[in-house]
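Novice: Position chain B against the provided structure of chain A, taking the given hints into account.
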Amino acid sequence: MTQARVSIQTEDFDLSAEVALLRASDARVGAVCSFVGTVRDRNGGVDPSVQSMELEHYPGMTEKSIEAMIDEAQRRFDIFGARVVHRVGLLQPLDQIVLVAVTSAHRGESFKACEFLMDYLKTQAPFWKKEKTPAGAHWVDARVSDDAALQRWGISGANAA
Amino acid sequence: MKITVRYFASIREALGTGSESLETQATNLAQLRDELIARPGAAAEVLARGRAVRLALNQVMSDEAALLTEGCEVAFFPPVTGG
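So the protein sequences, as listed, match chains A and B. Residue numbers for the first sequence follow the numbering used here, beginning at 1 and rising by one. Residue numbers for the second sequence follow the numbering used here, beginning at 1 and rising by one.
Here chain A stands alone, though its shape is the one from the complex (with noise of 0.2 Å):
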């Protein structure tokens, strides 16, 4: 059975298994980048204000826009699979967020299309995060320096300005 390239889930993922299925038998795979983004108990300040995070996404347009980046992923570096998996709904400070492994002969370019792939989602993947802390919940705001990540790439898609 093939792995499916891109999902988004409520349940929680484990990278060994993840990596596993990524690499299985192919003996081409001399390299295996991964990037685990997880929630952190405060956004800026040094306080931990942030007691719970919802992650809201568009159905749809999420995995296909996902699964056009892993397209372009692929004709820009020479890899041979990748794997994105974001979570939804509630989560809480520690859990993890998202998932993105990708697999080719030498670092390099395993290196390169994560970065890639991660600088693509932060600006271009539609979801939206709402931070619940004591002072009442709000929505998180984009970062100027995001759309900066993503025009290292002669990517100019600005999201946050």
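These are computed hints drawn from the structure, not numbers from a lab. Be aware that a few hints might be false.
[Claimed, not checked] Ranges between beta-carbon positions, derived for each pair:
id	chain 1	residue 1	chain 2	residue 2	range
1	B	GLN25	A	GLU11	37 to 47 Å
2	A	VAL144	B	ALA48	16 to 26 Å
3	B	GLU64	A	SER145	40 to 50 Å
4	A	GLY44	B	GLU13	31 to 41 Å
5	A	TRP153	B	MET1	32 to 42 Å
6	A	HIS106	B	THR69	44 to 54 Å
7	B	ALA48	A	ALA24	43 to 53 Å
8	A	PRO93	B	VAL60	30 to 40 Å
9	B	ALA52	A	ASP47	21 to 31 Å
Bear in mind the structure is a predicted one, so any value in this text is a computation, not a measurement. C-beta: ideal position from N, C-alpha, C; glycine also.
Specialist: Frame of chain A, contents of chain B only:
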């Protein structure tokens, strides 16, 4: 023409709905946004020019020049914050 309009995150909350079907005279996204702003209610503020509003047409990020088609799905949402 008849289209579906969807709203997400802070815009969805402000409008009190995530989706509506409507009949529009607009031919592109800019005109549709103007029509929505002109309606009574919260849209005038949350979709106002100068506000950070992102748009999708048929589930692809689009700019305001994109043309509407019969039965298309348009979405209005704030800048994305995933990952």
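Novice: A separate judgement is required for each hint: does it hold in the structure or not?
Specialist: Going through the hints against the structure:
1. B:GLN25 / A:GLU11: 37 to 47 Å: holds, 45 Å
2. A:VAL144 / B:ALA48: 16 to 26 Å: holds, 21 Å
3. B:GLU64 / A:SER145: 40 to 50 Å: violated, 25 Å
4. A:GLY44 / B:GLU13: 31 to 41 Å: violated, 22 Å
5. A:TRP153 / B:MET1: 32 to 42 Å: holds, 37 Å
6. A:HIS106 / B:THR69: 44 to 54 Å: Because 45 Å falls inside the window, the suggested range holds.
7. B:ALA48 / A:ALA24: 43 to 53 Å: This hint holds: roughly 51 Å between Cβ atoms.
8. A:PRO93 / B:VAL60: 30 to 40 Å: holds, 34 Å
9. B:ALA52 / A:ASP47: 21 to 31 Å: holds, 26 Å
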